[in-house]
Amino acid sequence: MDNRLAPSTPKDDWHGSWIWAEEVEHDRNVYAIFRREFVAGSEASLAVDITADSFYWLYIDGSLISRGPSRANLPYYTFDSFAFDLTPGRHVLAILVHHVGIENATQMLGRPGLLAEVTLTDDKRQIDLSTNADWKSYISAAWKKDLPEPMSHFGFPEVLDLQKLAEGWNGLLFSDAAWAGSVEIGRPSCQPWTRLIARDIAMLSYDNRNSTPVACGTFVEGRNDAPVPSNQATARVRTKSEAVPGFPVNVRPESYVTFDFGRTISGYAVLCFAESAPGQTIDVSYNDILTEHGAGDPERTYARLTDRYTLSGGRALVRTAHPRGFQYLTVDLQACESALVLESVYAVEETYPFEHQESFSSSDSQLDEFFTRGARTVKICSQDAFLDNVMRERVQWTEDLYLHNRVAAFAFGNMDLTRRALFQGAQGALADGRINGFFPTDRTNLSFASSNICWLMTLADYWLHTGHDDVRAVLPEAKRALDVFRAQTDERGLVAGWPSGQFWEWAPLEQGGCLIETNAALAMALNRLAAHDIFNDAFGGDLGAWADQIRAASHKAFWNPERGLYVDSVEPDGTQGTLATQDGNALAVLGGVCPPEMRRELLAKIIDPANLGPVPVGENAATPADLKTSGKIVPVGTLWFAHFLCQALFETGMDREAIEQIRMFWGPYDHLPTFPETRLPHGNIVYCQGWASGTAFLLPAYVLGVQPTGAGWSEVEFAPHTGEIEHACGVFSTPLGTLGACWAREDGGLRVSLDIPEEMRVRVRIGSFDEIVSGGGHWQAACQLEAERQQ
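Numbering that gives the first Met the number 0 puts the sequence shown at residues 0 to 790.
Rather than coming from a laboratory, the hints here were simulated on the basis of the structure.
Cut-off 25 Å, straight-line C-alpha distance, at most; resulting in silico cross-link-like pairs (DSS-like, lysine-lysine): (1) 163 / 143; (2) 555 / 604; (3) 163 / 144; (4) 135 / 163; (5) 604 / 631; (6) 631 / 555.
Quick caveat, the model's predicted, so the values are computed rather than measured.
Please model the entire structure based on the sequences and the hints provided.
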């Protein structure tokens, strides 16, 4: 077996077998419960390696330990490891497993199964308790199985009747004597889990977040034959009350209460009831926007964001099984005979354990807040993968990945999820060599040109920030992806099409044919790869020449001298299209298509408000026709693409303009705690989207001016882009140690200081000052600014 793309050595020496509660190879939306009781002696410990298809919840003596496994491509499936000390006496391992069983965008389609290697050590003996036919199990009828999927991206809503869930099923007081044993599927590594690899990222972190009631009212049921809970919740006719209750909240039948968590989170809603009656049914709907009635509409997007719970009476606690994304939680109590009392509502927030590093602070509080909110946006959207957003999709898209990765490097100093995404992208590469548009998944119809370019640029980022040789494992797949671009090149030397589209953002861009965005971005990726011998050696050594060819051909094909800018598209006969965008022209600068002497004039033209058309609203990417004859430049439609435009301005030395654009793009969201998906709202928008977080990269990399140029931060460029800022500082965790950098205006120049790790070389470039500093320790100097940087 070729294990080249396994991020670590697969485990082959498993004790125990894959098991399930019944003899079945395929099922959908099914929950199974497993138990194994045992008795521990003195000085006892328990070691557990565990995985399941699709999700497990591991309990010991009724206490929840963890949910897993982390998402993975099926041929490279992952397992988690735990170790516990135990008191002498009787104990029970209980495991709930949910098998999704449908094709979706966040996991691959396997088969129902649980595998756990469990070793009890006590009194100098070892006892094997691993999964086998002796484990007690059954298929639970408490969760409604026959549901349409809530959306195309991640499985089903949870519809749980707590009256049908055996009380204490995961604890010591419960008797499983009537349960049957389990069915053994096979020994590892049986199909379809042909490799089992230890989790190569940290376990997630958890924090409780309280809520505040913000709205309540009554409702009248709409249609009652709807197939999923969100259909019914959306159809309810609501009447908002003027008064807002505090805790405890008394909820009458056919009433609703909405709770606010202050910002978008990803996690588990927990509802604590002081009083309830058997059979009362509540719907819990998730959103980050409220309707005029103070409730979230769970179907304003193509998602179906409502879970349903039927209570068993008395004091009760409901905790959602799967993490959901929300700022607002609307609880509806369906028709019944009595009210219920909500004692508290809180959430257990689940994120990757990134730790913020102080990599940007300045004299400008607004920019500091932009940095903080960009980092916060990415952290919320980081779980077992970089997610585009946590509410509507929860998908690891490669476009979002590119910017998540850059923010993780600068704001957190952590490339763990980047490494994992690079391996998963290579593992899931399509048969023709393309990197899929998102992964892990069985879906292969959205491998955009942008997906492949962003994955390649993320590869370059990983090498710069880590210098880890493990990058070599994915280079053959990267070469295959580059070969696809070569195959799509026409006689002009341009990429003239792409098998599954070239999507770049939610703006009315041209979508097919020969595009400036794709060609300029490919040149940018080739430039970045060509800067390092590891990529030149692996890809044939002609990356720089190939980039030069694309740049020359693109300038000739897309430049319109009468308009003084680049058009978006050209026909095979060389005829230019009429649509021109900020997107294409910004990438023309970043990819080197635009000659250096023309860049300032071009950028000034495309940021001049007099030359711009209206800001795109939402998902208008496929409808550019009405803009082709307007003569106006199409503005970027997302903060994702705004970061490319600001980067182009910085790299052209237009520092003041770049900072002004940052304020213009990100400033309108000062009222939000995170950054949204698109510049203007629409029905499908979310208000916490990872690709909107560019400020957490731009500010430390350009305004402070710190960027690695050699693998693993072995070489660094310190080149502040000051604009009108008075001072800036930052501290960076690097593989070589901590790098500190500060600058402050002084006597018409900058007073700069650096604290440099011993093995790092820093090139300081400020005005006419250009010096290599190495050897470690503290360094400072006074540097004169160039006049043009101050204009």
